[in-house]
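Model the full structure from these sequences, guided by the hints.
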Amino acid sequence: MITWPCLLKLDGDDELVYLASPEQLNAECQALIWGQDDIVIDTQGHCFALKTGSNNTVELGLLPQTLNVQQVTELIQKHEFAQAQRCIIKIHFTSVQQAIEALAD
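Residue numbers for the sequence shown follow the working numbering, beginning at 49 and rising by one.
Note that these hints are calculated values from the structure, not bench results. Everything hinted at is true.
Computed cross-link-like contacts, DMTMM-like style, restricted to lysine to aspartate or glutamate with a CA-CA straight-line distance of at most 25 Å:
1) Lys126 / Asp85
2) Lys99 / Asp61
3) Lys126 / Asp86
4) Lys99 / Asp85
5) Lys99 / Glu76
6) Lys126 / Glu63
7) Lys99 / Glu63
Using C-beta positions, here's what the derived DEER-type ranges look like:
8) Asn103 / Gly83: 16 to 24 Å
9) Asn103 / Thr142: 37 to 45 Å
10) Ile81 / His140: 28 to 36 Å
11) Asp61 / Leu111: 12 to 20 Å
12) Gln78 / Trp52: 15 to 23 Å
13) Thr100 / His140: 36 to 44 Å
14) Thr100 / Ser143: 26 to 34 Å
This structure is a prediction, so every number in the text was calculated from the model and none was measured. Just so it is clear, CB atoms sit at the ideal spot from N, CA and C, and this is done for glycine as well.
Here is the structure:
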């Protein structure tokens with residue numbers, strides 16, 4: 049079961065999209081062209097594949113991959129570097145949930 053909030057990681061792009069809810073996921077995916085290698089990462093580090101569901105909604109399928117806090121921190125560092133907004137050396141988190149919630153701003 050997915051634990052919100054989540055991050056949307058588009059394949060081949062360092063930008064991450066913060067997702068507070070399933071409704072926000074559907075809204076973001078309507079505006080984006082997403083592919084089979086894009087993933088959603090929840091606050092437990094579980095990874096989910098995006099699939100088209102009924103009524104053009106997005107459904108999530110659990111993947112065998114789980115990310116730890118270091119892996120999520122690295123994704124956020126790349127995201128912040130691409131945005132040129134903060135010093136990536138100072139980015140440190142103690143949990144995946146804390147890392148994801150840092151992008152809520």
